[in-house]
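**Student:** Each chain, letter by letter, is given below.
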Amino acid sequence: DAKTTQPPSMDCAEGRAANLPCNHSTISGNEYVYWYRQIHSQGPQYIIHGLKNNETNEMASLIITEDRKSSTLILPHATLRDTAVYYCIAVKTSYDKVIFGPGTSLSVIP
Amino acid sequence: DVKVTQSSRYLVKRTGEKVFLECVQDMDHENMFWYRQDPGLGLRLIYFSYDVKMKEKGDIPEGYSVSREKKERFSLILESASTNQTSMYLCASSLSSLSTDTQYFGPGTRLTVL
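Protein chains in written order, with our numbering: chain A, 1 to 110; chain B, 1 to 114.
Derived by calculation from the structure, the hints in this document are not laboratory data.
The beta carbon of each residue, even a glycine, is placed where N, CA and C say it ideally should be.
Watch out, some of these pointers could steer you wrong.
[As the list claims (entries may be wrong)] Pairs of lysine-lysine, DSS-like flavour, derived with a Cα cap of 25 Å: (1) B:K57 with A:K3; (2) B:K13 with A:K97; (3) A:K97 with B:K55; (4) A:K97 with B:K70; (5) A:K52 with A:K69; (6) A:K3 with A:K92.
[What the hints assert, rightly or not] Derived list of chain B stretches under chain A, where covered just means 3 residues or more per stretch with a C-beta under 8 Å from a C-beta of chain A: (7) 38 to 46; (8) 97 to 105.
All chains, full assembly: derive it from the sequences and hints.
**Tutor:** Here's what the structure looks like:
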């Protein structure tokens, strides 16, 4: 699976959009971009995934660049409960294990 | 909704004790996983199982064993606990063995070995 790179930490003001970047410049054509988050003292939770097109669900939006070398997870109106570590992972359809990197620690500030 | 439960949120054991961590999922998932999470090291895979009585080593299996006698239950065993096994242990399940299947995690067990 392609390696992903994320900033170690970010801050966001409550009520504003949180834009979390992820670089995956070596991603291959059959690799999906997955996002999970882990709120303190809980297990990681799936947020969203995509292959080429932008995706939106009730939790977030995922914007993938046309060349697929990077993506952005958008939380449109961040709340204090969105404070968590966010993991961006490139996953291909295979039977390989999924590797969670260090992620981005997002702090939503009142 | 998939629910993955772990037997304890917090556990304190002594060096040399045998420790059992239990995980149960209620969605008939084939795959189950045990990870440990340590500051600065992220999630590391200990063992996973793709079927009853089947198990595969992950990245750090040393000092651990697992048991999967029923589909819904996956146990992690520390035969003789050591202080370097103090960690957060996370169980997860997924529908199948495909890596693109979403993993559903339990709340975690924070184990302290004294």
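**Student:** Taking a Cβ-Cβ distance under 8 Å as contact, does the stretch 38 to 46 of chain B have three or more residues in contact with chain A?
**Tutor:** With 4 residues close enough to chain A, the hint holds.
**Student:** Given the hinted pair K97 of chain A and K70 of chain B, is their alpha-carbon gap at most 25 Å?
**Tutor:** The hint holds at about 22 Å.
**Student:** Could you grab the alpha-carbon distance between K97 of chain A and K55 of chain B and see if it respects the 25 Å cut-off?
**Tutor:** holds, 13 Å
**Student:** Please verify the coverage claim for the stretch 97 to 105 of chain B: does it have three or more residues whose C-beta sits within 8 Å of some C-beta in chain A?
**Tutor:** With 8 residues close enough to chain A, the hint holds.
**Student:** Holds or violated: are the alpha carbons of K3 of chain A and K92 of chain A at most 25 Å from each other?
**Tutor:** holds, 12 Å
**Student:** Would you check the hint for K57 of chain B and K3 of chain A, treating anything up to 25 Å between C-alpha atoms as holding?
**Tutor:** holds, 22 Å
**Student:** Given the hint that K13 of chain B pairs with K97 of chain A, does the C-alpha gap stay at or below 25 Å?
**Tutor:** The given pair, whose Cα atoms are some 30 Å apart, is violated under the 25 Å limit.
**Student:** Are K52 of chain A and K69 of chain A close enough, with their CA atoms no more than 25 Å apart?
**Tutor:** Holds - the C-alpha atoms of K69 of chain A and K52 of chain A are around 11 Å apart, at most 25 Å.
Of the numbered hints given earlier, the model fails hint 2 alone.
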